[in-house]
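Top to bottom, those sequences are chains A and B.
Position 73, counted from 1, in the first sequence is what this note's numbering calls 73; the numbers after and before it change by one each time, with no gaps.
Position 313, counted from 1, in the second sequence is what this note's numbering calls 313; the numbers after and before it change by one each time, with no gaps.
Hint data in this document are derived by calculation from the structure and do not stem from the laboratory.
Do not take every clue at face value.
[To be verified] Computed cross-link-like contacts, DSS-like style, restricted to lysine-lysine with a CA-CA straight-line distance of at most 25 Å:
id, chain 1, residue 1, chain 2, residue 2
1, A, Lys-10, B, Lys-225
2, B, Lys-159, B, Lys-98
3, B, Lys-176, B, Lys-248
4, B, Lys-193, A, Lys-10
5, B, Lys-193, B, Lys-97
6, B, Lys-159, B, Lys-193
[Stated by the list, open to error] Output of the computed footprint for chain A on chain B, the stretches with three or more beta carbons under 8 Å from beta carbons of chain A:
id, region
7, 26–33
8, 181–193
9, 221–235
10, 265–271
Glycine is no exception: its CB is placed at the ideal position from the N, C-alpha and C atoms.
The chain contents come next:
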Amino acid sequence: MLAPLFETPKRRLVGDTGVIVEFGDEIAPEINRKVRTMTFALDREHPTGVREVIPTYRSLMIVYDPLEVDLDRLMGLLTDLEQRLDETKMPPPRLVEIPVCYGGEFGPDIEFIANTHGLTVDDVIRIHSGTEYQIYMMGFSPGFAYLGGLPKALHTPRLETPRAMVPAGSVGIANEQTGMYPLESPAGWRIIGRTPLKLFDPARSNPFLYDAGDMIRFVTISAEEFRRMAEEERR
Amino acid sequence: MDMFRVLRPGSLTTVQDLGRYGFQRYGIPVSGALDRFAFSVANLLVGNPENAAALEVTFTGPKLEVLSEGLVAVTGADVPVAVNGEPQRLWESFPVKKGDMISVRTARAGVRAYIAVGGGIDVPEVMGSRSTCLRGGFGGTLGRALVRGDLVKRCPQIKPGVVRSLPSSFKPSFHKDTILRAVPGPQDDWFDKGIDLFYSAAFTVTPEADRTGYRLNGPTVPFAKGVPTSIISEPSLAGSVQVPPDGKPIILLVELTVGGYAKIATVITPDLDLVAQARPGDTIRFSRISMDEAFLAHLEYRDTLQTMRLMLT
């Protein structure tokens, strides 16, 4: 089934410095692809006066300086890009592998998830690591990726009482979402494992390991491998 | 070079510049000074470029021991400032020497004051900015607010600054009743009668008011019939006024990147400086303006900054 794409992208003005372009009204791969293609086109074009382009699920925001580009001109430029969108060639998405040690001290909620769905812990690991997830967008906190594609068999409600703190690298499930916590933070997600990688490191030349549009695959590692890799990351 | 030793940090004193741009798509908020006019003027008064790093004081300021001579200016909220107990004027630079004690007390009006030092605060640039990102734990001094015992460094000053002051006609005044100019949208279509109510009501700033956003109290803003009370998460811009399902508006500020609630209106750039200085208990009203008026106001604001630049350099 094809998600309804708007016939013409919808524009929304955000004060005196922002324009939002919406491509549809739901979370769907085809709509998100338009968002990313438009972002790619804007990045490449680098129009005068555009300070920042922020892609999300089904829309993007263009942040501009009204002294450098007037709104009419910017709108005209957006129309041009929208019309050429189908011809815009995007580089193929990257597949980023994230090593995860599932269960045990790293994933205290994995048994709950297994029990909820009448699965074994190994089933949960096999299903979760056997899927490729698309990054729809990033946001909420530095390096946090919103992933699509969690198999229905693992959809599980959030914790009734969120934990005050989960360690950086925690991998969790909340309803139809799965994701990783780049920073230590309070969390209502059910935690099934942890990656030893620093998902966000402001001191690195590239602070992020992935970008919207990339595919994520979780790769199972042992507790021993986790410790070794975590040690390497600290260096 | 070492400039200050922090003897008392104040309630929330952070290093800021004019913000970190280009990384919101990775979940990195803009951060930066909330009152950009006061921040820019503080820098100009000590001979710095406007974007040099300076300290943002929240409500109660720090006590700083001066470790090397330099030029200092304090702007923004109406805070008592003294050097060795001797009161100093705001919006005016003053020289300090090794051993001096600078004390910034609790604001009498407004919330945020800026302490600029000639040369600018020296902290590493992270992703193109020296601003503190509290949520991400990076930028500024180790990604956190100043604490007692911190050493604050400054960059060398290329040419020595001279004592300057801002003409009083340019100094902002603070009121308990603030009118913010705001254009409807991005989700004005989520509200019908709610729009009229929003632009006519008086709201009160609640104690939940920080660099992420200001929660307001007042009449409940109703949604139009049949619209969902949340939206698919989209980027958020400082100034947008989000209405959660409880109908109590929140003015979003600079420490977040995306959100999932409808935004009824957006406060224009020049008036964000007023938000920065509004206190819990103050009254806020929104005045509806057109896009043309918004651009004109933006232009005037930038013209004023340009005038400051010419006048103070």
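Now for the hints, and whether the structure bears them out:
no.	hint	result
1	Lys-10/A to Lys-225/B	holds (21 Å)
2	Lys-159/B to Lys-98/B	holds (19 Å)
3	Lys-176/B to Lys-248/B	holds (20 Å)
4	Lys-193/B to Lys-10/A	holds (23 Å)
5	Lys-193/B to Lys-97/B	violated (60 Å)
6	Lys-159/B to Lys-193/B	violated (58 Å)
7	26–33	holds (count 3)
8	181–193	holds (count 5)
9	221–235	holds (count 4)
10	265–271	holds (count 4)
In this structure, the hints that do not hold are numbers 5, 6, in rising order.
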